[in-house]
Amino acid sequence: MTGPFLPRNDGVDLFVRLTPKAAMDRLEGIEISADGRSHLKARVRAVPENGAANQALERLVAKALSVPRSAVSVVAGGTARLKTLRISGDPAALAKAIEALDGRQAR
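Every position in the sequence shown, counted from 1, becomes a number in my numbering once 289 is added.
Incorrect hints may have been included.
[As the list claims (entries may be wrong)] Straight-line distance between alpha carbons at most 20 Å, and here's what the computed EDC-like set of lysine to aspartate or glutamate pairs gives:
{"id": "1", "residue 1": "Lys385", "residue 2": "Asp324"}
{"id": "2", "residue 1": "Lys330", "residue 2": "Asp391"}
{"id": "3", "residue 1": "Lys352", "residue 2": "Asp391"}
{"id": "4", "residue 1": "Lys352", "residue 2": "Asp324"}
{"id": "5", "residue 1": "Lys385", "residue 2": "Glu338"}
{"id": "6", "residue 1": "Lys385", "residue 2": "Glu317"}
{"id": "7", "residue 1": "Lys310", "residue 2": "Asp299"}
{"id": "8", "residue 1": "Lys352", "residue 2": "Asp379"}
{"id": "9", "residue 1": "Lys310", "residue 2": "Asp324"}
{"id": "10", "residue 1": "Lys330", "residue 2": "Asp299"}
{"id": "11", "residue 1": "Lys352", "residue 2": "Asp302"}
{"id": "12", "residue 1": "Lys330", "residue 2": "Asp302"}
[As the list claims (entries may be wrong)] Distance ranges between label pairs, derived from CB positions:
{"id": "13", "residue 1": "Ala323", "residue 2": "Asn298", "range": "15 to 23 Å"}
{"id": "14", "residue 1": "Gly325", "residue 2": "Pro357", "range": "13 to 21 Å"}
{"id": "15", "residue 1": "Ser327", "residue 2": "Gly367", "range": "15 to 23 Å"}
{"id": "16", "residue 1": "Ala389", "residue 2": "Gly366", "range": "18 to 26 Å"}
{"id": "17", "residue 1": "Val336", "residue 2": "Ala381", "range": "18 to 26 Å"}
{"id": "18", "residue 1": "Glu338", "residue 2": "Pro296", "range": "28 to 36 Å"}
{"id": "19", "residue 1": "Asp324", "residue 2": "Pro357", "range": "31 to 39 Å"}
{"id": "20", "residue 1": "Asn298", "residue 2": "Val336", "range": "34 to 42 Å"}
{"id": "21", "residue 1": "Ala311", "residue 2": "Asp379", "range": "14 to 22 Å"}
{"id": "22", "residue 1": "Thr368", "residue 2": "Asp302", "range": "30 to 38 Å"}
{"id": "23", "residue 1": "Ala312", "residue 2": "Glu338", "range": "26 to 34 Å"}
No wet-lab data here; the hints were simulated from the structure.
All C-beta atoms in this analysis are idealised placements derived from N, C-alpha and C, irrespective of residue type, glycine included.
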């Protein structure tokens, strides 16, 4: 299985499936979609209006990966459930941290 990310020179691109208006903010591990691509499942309490859900997702991922909030940004899928987040930092360390999210719940 390939992880839900693509390494870059300055960090990683993380593929996420976001569910807004959830009961709580949480990451639910790595999931394989019907087309065989993997993504990190995330839920946030924020509503999908004026970028609120995207900002909540950026904060949640930054906290889970122990990176500054400014290191995480939505670069694709701003209005879709499937999003790409660009995370700045050491690609190897970020890849290891993302893989560690599978099988545990990050809040």
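Now for the hints, and whether the structure bears them out:
1. Between Lys385 and Asp324 the CA atoms are separated by roughly 24 Å; this puts the pair beyond 20 Å, and the hint is violated.
2. A hinted pair counts as satisfied when its Cα atoms are at most 20 Å apart, and Lys330 with Asp391 qualifies at roughly 10 Å.
3. This hinted pair checks out: Lys352 and Asp391 have alpha carbons roughly 15 Å apart, not beyond 20 Å.
4. A C-alpha spacing of about 29 Å is found between Lys352 and Asp324, which places the hinted pair above 20 Å, so the restraint is violated.
5. Straight-line distance between C-alpha atoms of Lys385 and Glu338 comes to about 32 Å, which puts the hinted pair past the 20 Å bound.
6. Taken as a hint, the Lys385 and Glu317 pair is honoured in the structure, with Cα atoms around 17 Å apart against an allowance of 20 Å.
7. Of the pairs offered as hints, the one joining Lys310 and Asp299 is violated, with about 32 Å between alpha carbons and a cut-off of 20 Å exceeded.
8. Restraint check for Lys352 and Asp379: the C-alpha separation of about 16 Å stays at or below 20 Å, so the hint holds.
9. For a cut-off of 20 Å, the pair hint linking Lys310 to Asp324 is broken: about 26 Å separates their Cα positions.
10. This hinted pair does not check out: Lys330 and Asp299 have alpha carbons roughly 24 Å apart, beyond 20 Å.
11. At roughly 16 Å between alpha-carbon atoms, Lys352 and Asp302 fall within 20 Å of each other, so this suggested pair holds.
12. For the given pair, Lys330 sits about 15 Å from Asp302 by alpha-carbon distance, which is consistent with the 20 Å threshold.
13. Distance hint check: the CB atoms of Ala323 and Asn298 are about 31 Å apart, inconsistent with the given range 15 to 23 Å.
14. Separation of Gly325 from Pro357 is about 33 Å and departs from the stated range, judged on CB atoms against 13 to 21 Å.
15. About 21 Å separates the C-beta atoms of Ser327 and Gly367, a value consistent with the hinted range of 15 to 23 Å.
16. Between Ala389 and Gly366 the CB atoms are about 24 Å apart, so this pair conforms to the stated range of 18 to 26 Å.
17. For the hinted restraint 18 to 26 Å between Val336 and Ala381, the CB-CB distance of approximately 36 Å leaves it violated.
18. For the pair Glu338 and Pro296, the supplied restraint of 28 to 36 Å holds, since their beta-carbon distance comes to about 33 Å.
19. The hinted range of 31 to 39 Å is satisfied by Asp324 and Pro357, whose Cβ atoms lie roughly 33 Å apart.
20. Judged by the Cβ atoms, the range 34 to 42 Å given for Asn298 and Val336 holds: they are separated by roughly 35 Å.
21. Distance hint for Ala311 and Asp379: a CB-CB separation of about 30 Å, inconsistent with the stated range 14 to 22 Å.
22. Between Thr368 and Asp302, the C-beta spacing of about 18 Å breaks the proposed range 30 to 38 Å.
23. Our hint of 26 to 34 Å for Ala312 and Glu338 is violated, since their Cβ atoms are close to 18 Å apart.
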